[in-house]
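S.K.: Kindly produce the complete structure, drawing on both the sequences and the hints.
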Amino acid sequence: MVAIDQGTTSTRCIVFDQQGRFVSVAQREHRQWFPEPGRVEHDAAEIWANVAKVVPLALAKAGIGPGDVVALGIANQRETAVLWDRRTGRPQGRAITWQDTRVAPLLPELARRVDDPTLRERCGLPLSTYATAPRLTWLLRGSPDLRRRAATGDVLFGTMETWLVWNLTGGVDGGVHVTDVTNASRTMLMDLRTLDWDDGLCDAFEVPRAMLPQVRPSATVHGRATQVLPGVVIGAAIGDQQAALFGQACFAPGEAKCTYGTGAFLLLNTGSEPVVSTHGLASTVAFQADGEPATYALEGSIAMTGSLVQWFRDSLAMVRTAPEIETLARTVDDNGGCYIVPAFSGLFAPHWRPEARGVITGLTSYVTRGHLARAVLEATAWQTVDVVEAMNADAGLALTALRVDGGMTSNLLLMQTVSNLLDVPVERPMVHETVSLGAAYAAGLTVGLWPDLAVLRRHWHCGARWAPDLAPAQRERERLGWRTALAQTLTGAAVTPPATGPPAP
Amino acid sequence: MLLQLVASRADPVSVSDVAAALGVAKSSAHELLRTLADVGFLDQDADTGRYAVGDGARRLAHGPLDTNLLRSLTTNLVDALAARSGESAYIGVLRGQQVEIVHHVFRPDDTRQQLEVGDRHEAHATGMGQVLLALDPAAPAVMRTLDPVRLTQRTLDLPALRTRLVEVRGRQWACTAGERTADRADVAAPLRGRGGIVVAAVGLVGRVDRVVGAHRDPRTALLAHVQAAAAAISAELGATL
Numbered sequence: 001m002v003a004i005d006q007g008t009t010s011t012r013c014i015v016f017d018q019q020g021r022f023v024s025v026a027q028r029e030h031r032q033w034f035p036e037p038g039r040v041e042h043d044a045a046e047i048w049a050n051v052a053k054v055v056p057l058a059l060a061k062a063g064i065g066p067g068d069v070v071a072l073g074i075a076n077q078r079e080t081a082v083l084w085d086r087r088t089g090r091p092q093g094r095a096i097t098w099q100d101t102r103v104a105p106l107l108p109e110l111a112r113r114v115d116d117p118t119l120r121e122r123c124g125l126p127l128s129t130y131a132t133a134p135r136l137t138w139l140l141r142g143s144p145d146l147r148r149r150a151a152t153g154d155v156l157f158g159t160m161e162t163w164l165v166w167n168l169t170g171g172v173d174g175g176v177h178v179t180d181v182t183n184a185s186r187t188m189l190m191d192l193r194t195l196d197w198d199d200g201l202c203d204a205f206e207v208p209r210a211m212l213p214q215v216r217p218s219a220t221v222h223g224r225a226t227q228v229l230p231g232v233v234i235g236a237a238i239g240d241q242q243a244a245l246f247g248q249a250c251f252a253p254g255e256a257k258c259t260y261g262t263g264a265f266l267l268l269n270t271g272s273e274p275v276v277s278t279h280g281l282a283s284t285v286a287f288q289a290d291g292e293p294a295t296y297a298l299e300g301s302i303a304m305t306g307s308l309v310q311w312f313r314d315s316l317a318m319v320r321t322a323p324e325i326e327t328l329a330r331t332v333d334d335n336g337g338c339y340i341v342p343a344f345s346g347l348f349a350p351h352w353r354p355e356a357r358g359v360i361t362g363l364t365s366y367v368t369r370g371h372l373a374r375a376v377l378e379a380t381a382w383q384t385v386d387v388v389e390a391m392n393a394d395a396g397l398a399l400t401a402l403r404v405d406g407g408m409t410s411n412l413l414l415m416q417t418v419s420n421l422l423d424v425p426v427e428r429p430m431v432h433e434t435v436s437l438g439a440a441y442a443a444g445l446t447v448g449l450w451p452d453l454a455v456l457r458r459h460w461h462c463g464a465r466w467a468p469d470l471a472p473a474q475r476e477r478e479r480l481g482w483r484t485a486l487a488q489t490l491t492g493a494a495v496t497p498p499a500t501g502p503p504a505p
Numbered sequence: 506m507l508l509q510l511v512a513s514r515a516d517p518v519s520v521s522d523v524a525a526a527l528g529v530a531k532s533s534a535h536e537l538l539r540t541l542a543d544v545g546f547l548d549q550d551a552d553t554g555r556y557a558v559g560d561g562a563r564r565l566a567h568g569p570l571d572t573n574l575l576r577s578l579t580t581n582l583v584d585a586l587a588a589r590s591g592e593s594a595y596i597g598v599l600r601g602q603q604v605e606i607v608h609h610v611f612r613p614d615d616t617r618q619q620l621e622v623g624d625r626h627e628a629h630a631t632g633m634g635q636v637l638l639a640l641d642p643a644a645p646a647v648m649r650t651l652d653p654v655r656l657t658q659r660t661l662d663l664p665a666l667r668t669r670l671v672e673v674r675g676r677q678w679a680c681t682a683g684e685r686t687a688d689r690a691d692v693a694a695p696l697r698g699r700g701g702i703v704v705a706a707v708g709l710v711g712r713v714d715r716v717v718g719a720h721r722d723p724r725t726a727l728l729a730h731v732q733a734a735a736a737a738i739s740a741e742l743g744a745t746l
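Going line by line, the protein sequences match chains A and B. Mapping of the first sequence onto our numbering: residues 1 to 505, in sequence order. Mapping of the second sequence onto our numbering: residues 506 to 746, in sequence order.
Keep in mind the hints are simulated off the structure, nothing from the lab. Take these hints with a grain of salt, some might be off.
A few chain A residues that don't get close to chain B, going by computed Cβ distances all over 12 Å [said to hold, decoys possible]:
#1 19
#2 28
#3 40
#4 60
#5 99
#6 104
#7 173
#8 278
#9 323
#10 355
#11 392
#12 399
#13 463
#14 466
#15 473
Label-pair distances were calculated between CB atoms; the ranges are [stated by the list, open to error]:
#16 A/252 to B/667: 53 to 59 Å
#17 A/63 to B/552: 35 to 41 Å
#18 B/662 to A/261: 49 to 55 Å
#19 A/471 to B/539: 57 to 63 Å
#20 A/34 to B/676: 51 to 57 Å
#21 A/330 to B/676: 35 to 41 Å
#22 B/736 to A/310: 30 to 36 Å
#23 B/539 to A/104: 50 to 56 Å
#24 A/332 to B/740: 32 to 38 Å
Keep in mind it's a predicted model, so treat the numbers as computed, not measured. Every residue gets a Cβ at the ideal spot worked out from N, C-alpha and C, and that includes glycine.
M.R.: Right, here's the structure in full:
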């Protein structure tokens with residue numbers, strides 16, 4: 001099984017064996033373009049070229065050829081918009097990524113056209129700079145020529161998996177123009193229930209249907225590759241966070257995973273019906289196999305987790321490397337009464353207070369670097385708790401265990417703290433590469449390498465487990481401290497700044 | 506002295522600078538600089554060929570290897586070791602006469618297991634411990650005062666341990682069966698950082714009958730997994746530590 005993980009910073013190809021075990025990996029980073037503040041772009045042609053490089057490399061490392069590959073699965077960065085010319089195959093400008101905030105000024109006007117409750121009910125997402133649709137509005141408004149060619153279907157739109165499948169299946173020479181339900185559910189143009197583009201939303205965002213790919217299940221035969229892996233079936237395409245949920249074998253309602261990286265993404269399987277969030281979360285498609293109903297998920301993203309540790313390392317110079325924050329935190333037994341709320345650019349899910357700013361509370365002369373290190377790690381744990389509690393409230397169920405992955409899971413103190421504050425066990429899988437594994441699982445299901453989800457569930461093995469180990473009274477005391485600090489992020493923002501700035505140096 | 510010379514200059518130095526400052530031939534200066542560059546104490550600029558103080562020298566000021574950093578650098582490879590071997594995988598470091606577990610990946614059989622990170626065992630009675638007693642730079646001092654506690658019938662006494670450590674040094678791996686607890690066996694190999702210095706050990710622990718054969722030799726496949734993991738992790742550590 002071969003998986004391509006087309007991520008935000010790099011493109012990786014991973015080969016797995018029949019038991020879903022890691023065999024080999026090849027990786028290539030692509031350039032990040034920052035043409036203006038708030039703009040983050042990728043060169044789609046460079047990314048396609050990287051795919052063509054990493055796949056043969058990973059196969060060579062595994063000692064296999066294209067003939068040994070059963071199927072290919074693709075997982076990808078979500079919400080990034082690529083436009084290209086159907087006839088030449090050339091991208092029309094650079095891809096606008098999910099981190100790009102250029103469309104922020106458009107949002108108030110768009111909000112008047114389609115109100116928030118309708119949007120949440122229909123596509124599951126709150127209006128924000130994350131989703132793809134406003135980027136298309138922005139792009140097509142910027143170029144009458146592009147709009148004309150989009151209306152005739154001469155310019156095509158896709159998220160990254162669409163672009164890769166089109167190229168893999170021949171590009172200008174018969175390339176298939178498709179997306180999957182998980183990626184489509186992040187565009188803000190798809191109806192969560194019909195699993196197809198919604199005319200009302202397309203109109204509101206001024207997106208012509210002719211440029212949109214066909215929406216397909218995640219696990220289905222998307223086509224047969226003619227490039228890179230000639231003859232190999234593309235058996236799955238799936239958004240990276242949904243792929244991680246699948247790779248973590250969270251197939252049943254109530255099962256959840258959290259991926260801890262720069263930020264964190266928590267997804268909870270909610271079963272066969274979308275749950276419209278009343279607690280500030282996104283509702284999204286988790287997975288769909290060919291001929292089967294879709295599975296849905298609630299998603300909560302946390303902006304600052306690993307990036308808070310980076311700030312602690314780089315801006316405060318408290319530690320040399322990120323993992324050493326655990327060493328520093330273990331020099332003390334508790335947070336010494338200190339709490340950090342990293343609302344550096346506002347509070348996100350589930351609070352959504354963009355005006356909030358970060359705070360450190362409880363500073364006394366007793367507090368040392370070690371206490372601050374604890375407070376940094378606890379901030380990640382408390383943000384997880386806040387999202388989980390919102391999910392429990394939305395879904396009407398209580399999480400019984402949390403599966404985790406991502407780089408921060410090697411921080412054992414953090415994982416124990418997450419378990420303590422959530423009061424549920426936290427489990428890390430043995431295969432770290434859950435995104436690629438999820439894509440491989442989905443593709444393997446399509447081609448019948450694995451008969452059903454039960455077999456995949458048996459592939460999941462626990463690499464490490466943390467059980468809650470904190471007295472309830474202590475947890476409630478800590479919760480009060482966190483809540484108090486959280487409230488101060490809002491009062492702090494309300495104070496008017498002094499009329500004069502700081503003295504000039 | 507050579508390091509002090511390089512560190513005292515604002516700009517990177519050339520071989521001729523060093524030869525002149527030390528009053529030695531350019532070939533000797535070159536050899537000295539290369540030696541220090543090979544262990545990471547100096548960095549050589551690829552374009553100018555000049556030398557500056559390297560990360561390796563700066564790290565000297567940071568004290569011993571941070572075990573949390575070690576774990577985060579090795580997670581993927583130790584996961585793969587446990588997945589392929591079907592046994593519990595560990596990384597351990599020498600702490601006095603004991604080996605401390607700094608990383609642990611569960612055996613992939615879905616039984617309930619406890620994370621053992623932070624546990625310490627008598628070094629002389631475990632494979633990881635014997636690897637470190639044979640090869641860790643701190644081991645000679647430890648060996649001078651070691652009085653091996655007898656934990657099982659098979660625990661080695663001091664003379665037997667010394668003989669074993671000579672073997673371990675020769676073959677670069679260790680295997681114990683029933684030396685710490687009667688029912689456990691292990692296989693371990695050294696992990697080397699920059700300059701080839703042993704910084705930790707990686708190993709598998711499992712039931713005696715699963716880990717060793719009739720002659721209490723490690724099963725071939727398991728030994729190969731441990732050696733492959735040790736080589737891959739050392740390559741990673743050599744590039745970063």
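S.K.: Output the numbers, in ascending order, of every earlier hint that fails for this structure.
M.R.: 1, 9, 13, 14
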